[in-house]
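S.K.: Sequence:
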Amino acid sequence: MEADKYVVVMNSEEQYSLWPADRAVPAGWAVQTEPNNKEDCLDYINRHWTDMTPASLRKG
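For the sequence shown, the UniProt record's numbering begins at 1 and goes up steadily by one.
One or more hints might be untrue.
In silico SDA-like links for lysine to any residue, alpha-carbon gap of 25 Å or less [as the list claims (entries may be wrong)]:
hint	residue 1	residue 2
1	K59	E14
2	K59	K38
3	K59	G28
4	K38	S56
5	K59	A21
Please keep in mind that the hints were generated in silico from the structure rather than gathered at the bench.
Using the sequences and the accompanying hints, generate a full structural model.
M.R.: Shown next, in the form of structure tokens:
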């Protein structure tokens with residue numbers, strides 16, 4: 001069953017993911033948004049994740 005609320009999480013490589021709000025966030029990931037519906041979280045990801053290249057390769 002799909003969770004009603006999600007959060008956007010980001011790792012140290014500045015990669016984003018959608019995550020169920022009722023689950024513990026995995027190590028290495030940090031919550032970026034308040035719990036919201038899936039569509040709004042995906043919109044956030046689309047607005048903020050504009051370069052798919054991992055941060056370590058962009059800054060290298």
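S.K.: Out of the numbered hints, which ones does the structure contradict?
M.R.: Of the numbered hints, 2, 4 and 5 do not hold.
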